[in-house]
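Asks: In case you want the letters, here they are:
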Amino acid sequence: MGYSGSTGGSPRQAQDCLVYLDHAATTPMLPEAIAVMTAELAQLGNPSSLHNAGRRARRVVEESREQIAEAYGARPSEVVFTSGGTEADNLAVKGLYWARRAADPRRARVLVAAVEHHAVLDSAQWLAAHEGAEVDWLPVDATGELPAETLTARIGTAPDTVALVSVMWANNEVGTIQPIADLAAVAREYKIPFHTDAVQAAGQVAVNFAASGVDALTITGHKIGGPVGAGALLLARGIEPVPVMHGGGQERDVRSGTLDAPAIAAFATAAQIAVKRRDEEAARLAGLRDDLIRQVMAAVPDAILNGAPPGPGRLPANAHFSFPGCEGDALLMLLDAKGIACSTGSACTAGVAQPSHVLLAMGADEARARGSLRFTLGTTSTPADVAALGAVIGEVVDRARRAGKS
Amino acid sequence: MPAVPGSPDGAAMTMRVLAAMSGGVDSAVAAARAVDAGHEVTGVHLALSSNPRSYRSGARGCCTLEDARDARRAADVIGIPFYVWDMAERFDADVVADFVAEYARGRTPNPCLRCNEKIKFAAVLDRAVALGFDAVCTGHYARLDNGRLRRSADAAKDQSYVLAVLNREQLARAMFPLGDSTKEEVRAEAARRGLAVASKPDSHDVCFIPDGDTRGFLAGRLGSAPGAIVDQDGTVLGSHDGSYAFTIGQRKGLRVGTPAGDGRPRYVLDIQPVSGTVTVGPAESLDVREITGQRPVWTGCPPPHGPHGCLVQVRAHGEALPAQAALDGDLLRIRLASATRGVAPGQAAVLYDGDAVLGSATITATA
Chain A
1 MGYSGSTGGS PRQAQDCLVY LDHAATTPML PEAIAVMTAE LAQLGNPSSL HNAGRRARRV
61 VEESREQIAE AYGARPSEVV FTSGGTEADN LAVKGLYWAR RAADPRRARV LVAAVEHHAV
121 LDSAQWLAAH EGAEVDWLPV DATGELPAET LTARIGTAPD TVALVSVMWA NNEVGTIQPI
181 ADLAAVAREY KIPFHTDAVQ AAGQVAVNFA ASGVDALTIT GHKIGGPVGA GALLLARGIE
241 PVPVMHGGGQ ERDVRSGTLD APAIAAFATA AQIAVKRRDE EAARLAGLRD DLIRQVMAAV
301 PDAILNGAPP GPGRLPANAH FSFPGCEGDA LLMLLDAKGI ACSTGSACTA GVAQPSHVLL
361 AMGADEARAR GSLRFTLGTT STPADVAALG AVIGEVVDRA RRAGKS
Chain B
1 MPAVPGSPDG AAMTMRVLAA MSGGVDSAVA AARAVDAGHE VTGVHLALSS NPRSYRSGAR
61 GCCTLEDARD ARRAADVIGI PFYVWDMAER FDADVVADFV AEYARGRTPN PCLRCNEKIK
121 FAAVLDRAVA LGFDAVCTGH YARLDNGRLR RSADAAKDQS YVLAVLNREQ LARAMFPLGD
181 STKEEVRAEA ARRGLAVASK PDSHDVCFIP DGDTRGFLAG RLGSAPGAIV DQDGTVLGSH
241 DGSYAFTIGQ RKGLRVGTPA GDGRPRYVLD IQPVSGTVTV GPAESLDVRE ITGQRPVWTG
301 CPPPHGPHGC LVQVRAHGEA LPAQAALDGD LLRIRLASAT RGVAPGQAAV LYDGDAVLGS
361 ATITATA
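If you read the protein sequences in the order shown, they are chains A and B. Residue numbering for the first sequence follows the working numbering, starting at 1 and increasing by one per position. Residue numbering for the second sequence follows the working numbering, starting at 1 and increasing by one per position.
Worth flagging that the hints you see were computed from the coordinates, not collected in a lab. Hints should not be assumed to be uniformly reliable.
To be verified - A partial selection of chain A residues facing chain B, derived with a Cβ cut-off under 8 angstroms: (1) A108; (2) M333; (3) R399.
Cβ atoms here follow ideal geometry from the backbone N, Cα and C, with glycine treated the same way.
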């Protein structure tokens, strides 16, 4: 859900200096992306139109396609623009399932990591409920990692019954990075299409579509400094999912809908900049993140750092803790009142936090899953943000403990 | 703007206030008034249903996604932070299960009263205090006067009856900013403030029975439990599928074929939950002069060990009747000045001195 508290006119909420530690929910747009987008918003033309105005808009889209392809190691023809990560995940999971099932009715199994984002998780569950799929949840270890041997074992002796595999590149809650190339190699061995949701990874670690060996890869603009509403599914040649949305067939006949040239241009600008600055920024954020972990552990010695240890197995901008004896929503509210935005990192129904399926899959009990908070850094994060959290987290946890589990 | 009660000696004092926002007009205006009074207010919508995924039309409860959205929008307009608190498990255990169990015992519970006692001014209040809040604000129509609960200015909307179960500690942390206003004034104020809920219909049903079919809801929870309908002589007049479908004083829906000997209407006089026997008879047999209550609460006067002259109200929106009340150990004994009808065990007996609440108890027996 991310930062959901309303901001209005009351004195307490009128703080201009928000400490924003929720970049995994959405990132501030880069000034360069805003400039490109606002300029393009003033232009006329449907990229599918054949006249001059249409050709001008098409040129913007195609240049953006090339920039995104270059940023993520794909060919331009492999970039299928979508409205964002959720649509790209739906297209990959449902579309590949339908295509594979139509070609061979035995392929009913969908192998999905238990820690996936709901866009993948719920798509797979929907296929099971309505399309005769059999979902095989791939278990993770206590750090959230899915070892390649687990996938090999699950494919087992019946590779001909698998429609597709979907494993996220990096987890949106606990930041654990999966051995994607190893997992993709296992799937490739059995000629099973492999999809990965790289929405969280794309801005923070090297994501190279061709080198990774995956067949389909989801990215989205607003997690890397671009706008909400523009994303893409990178689709290898020869991988043709059945469309989810039908219409004009604008994107390789697998995705229909008028292309949003201003948002796509801003997405491409953000992708270029994010990739260019990535190594330097990742090192800076990892340093800040390590400092955040030190400060939180110093203030709350019994806090538990969830996910992989800091290092190559974890997103550099992610820190995720369980605070024993606390409810995550009480912690979030108390920090929000102090101008610090973070997330319980879990799904919502009418705004009600459910215990995180990610932590449960990692073997946490329900209390530990409920008492957790995610802090994620980004381009605008500073040591002062980390210090602001470090200054209050101790008293906030004390207070939330007094409120207990309700 | 009426002063917001709750601060000792009425002095202006800034408090941290948690406003319970149902998504209706009353709680929205109450929260806005608390802000106007200078308090630091945070809005909270209580998710009480374990399955809130439905948008309903028609009768309104307090458990839908639509209500959560309405509450969020009201908080936006007022300009306060807003959160949803999941109280579904507590609500199910303390209110819904109690409601079902009371009917199974042949009693007639009031779930709103139980929700105030166990959820809004217990689970929610406790959590609010632990998180640093000073008070819980609701849109109830009642007044607080130096910690004493009084009827609201709008007699037709008065909700002091469903709040009279609160003890002194609970009342000390309560804030009812609407007590001096009429419903019409509150709706007009909501419109002036730009709150979209200004014209939202009032809720009347039990919020966890959205279709209003209490009998069907109980049948689903308690199953079929057939029993006899008898007259005062024990003559069997008919049968029923579950005694929980009846309330003392009920006249309609008895489905007793033969008319009474004297041709006069018959009413439910008694419900025996174990045998399932429902006794019916003439209206005068409903006359009650003595009421016994358990779990007495005293907030408006010292506990009366001798007979204490007062008024007693035995159901929501009922009349206040002259009576003498006295404590007898853990029980409250009430003697009415003149007989009344339709007193159902499970309801609260609330004692008043004029418009001030003295105390309350849950009715267990009548004579």
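Asks: All the hints need checking, so say for each whether the structure fits it.
Replies: Do the hints match the structure? See the list:
1. A108: Since the shortest Cβ distance to chain B is 28 angstroms, the answer is violated.
2. M333: holds (5 angstroms)
3. R399: It holds, given that the least Cβ distance between R399 of chain A and chain B is near 6 angstroms, below 8 angstroms.
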